[in-house]
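Engineer: With the working numbering, the residue at position 141 of the sequence shown is 141, and numbering never jumps.
The hints are simulated quantities; they were obtained by calculation from the structure and are not laboratory data.
Treat the hints with care, since some could be wrong.
[What the hints assert, rightly or not] The list that follows gives simulated cross-link-like pairs (lysine-lysine, PhoX-like), each with its CA atoms no further than 25 angstroms apart:
1. Lys70 <-> Lys87
2. Lys55 <-> Lys87
3. Lys55 <-> Lys70
[To be verified] Taking CB as the label site, the calculated pair distances span:
4. Asn184 <-> Lys70: 37 to 47 angstroms
5. Gly78 <-> Thr105: 34 to 44 angstroms
6. Gln112 <-> Ala35: 36 to 46 angstroms
7. Glu116 <-> Gly171: 17 to 27 angstroms
8. Leu177 <-> Gln39: 34 to 44 angstroms
9. Lys55 <-> Ala35: 27 to 37 angstroms
10. Lys119 <-> Asn184: 19 to 29 angstroms
11. His174 <-> Gly78: 27 to 37 angstroms
Don't be surprised by glycine CBs; every beta carbon is placed ideally from N, CA and C.
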Amino acid sequence: GKGVVDMEPVMQVVGLEDETAIPRLVRDCLDYFDANDLQAEGLFRVSGSRRDVEKILSVYASRANTGEGKGVDLSGEGEATVCTLLKDYFRSLPDPLVPYRHFDTLCALASQPEAEWLKHSLPLCQDFSPIRRELCLRLFALLSRVAQHREANLMDEANLARVFAPVLMLGEGHSPLEQLTQLNHVIITLERFIRHYPVLFENSVDEET
1 GKGVVDMEPV MQVVGLEDET AIPRLVRDCL DYFDANDLQA EGLFRVSGSR
51 RDVEKILSVY ASRANTGEGK GVDLSGEGEA TVCTLLKDYF RSLPDPLVPY
101 RHFDTLCALA SQPEAEWLKH SLPLCQDFSP IRRELCLRLF ALLSRVAQHR
151 EANLMDEANL ARVFAPVLML GEGHSPLEQL TQLNHVIITL ERFIRHYPVL
201 FENSVDEET
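Produce the complete structure using the sequences and hints provided.
Structural biologist: Here it is, written out as structure tokens:
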């Protein structure tokens, strides 16, 4: 449609299995939040301006097209814009951050008590590719820090999990109705990922043998 930027060179639609490092756009967003106090009310729930997001994407696209791998300085952007940019990246992946192949098993495990869930989810998370685990580690660490400021931003683990559910964890070929029937299981899973991310994802890229 009019004004829509070609996401392909920016959003790395080749998929995470073909990545050797965290994509530049994601690193820039994470760096932005590392320097941010995470106090803004509704952080990650409030959407940014689509026009601002597309403007930033066009800069990434032009740099990707010219082979310039340099990042974009996001420090002057509003929190909601950078939140939307990050969610758009994950939404664009051909196979979500939580891979399709583990969706049904993780949803089934969500009804287990937390200690049992942790024991059974660990091998599934260790089966993620190294780059996927690295991304999970960085993203869920950020969301955990956001939740620590819940009194100011009103975003606890459950609220964050609800916002990220349609972006990070989907059933392959699922209709919106099918996705809705599993929503509570997805929210529980993501909430627990935020709480237990060090145990689930920590032995990432450089510990591979």
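Engineer: For each hint, tell me whether it holds in the structure or not.
Structural biologist: Quick rundown of the hints versus the structure:
no., hint, result
1, Lys70 <-> Lys87, "holds (21 angstroms)"
2, Lys55 <-> Lys87, "holds (16 angstroms)"
3, Lys55 <-> Lys70, "holds (16 angstroms)"
4, Asn184 <-> Lys70: 37 to 47 angstroms, "holds (42 angstroms)"
5, Gly78 <-> Thr105: 34 to 44 angstroms, "holds (38 angstroms)"
6, Gln112 <-> Ala35: 36 to 46 angstroms, "holds (38 angstroms)"
7, Glu116 <-> Gly171: 17 to 27 angstroms, "holds (23 angstroms)"
8, Leu177 <-> Gln39: 34 to 44 angstroms, "holds (37 angstroms)"
9, Lys55 <-> Ala35: 27 to 37 angstroms, "violated (21 angstroms)"
10, Lys119 <-> Asn184: 19 to 29 angstroms, "holds (21 angstroms)"
11, His174 <-> Gly78: 27 to 37 angstroms, "holds (33 angstroms)"
Violated hint for the displayed structure: number 9, the only one.
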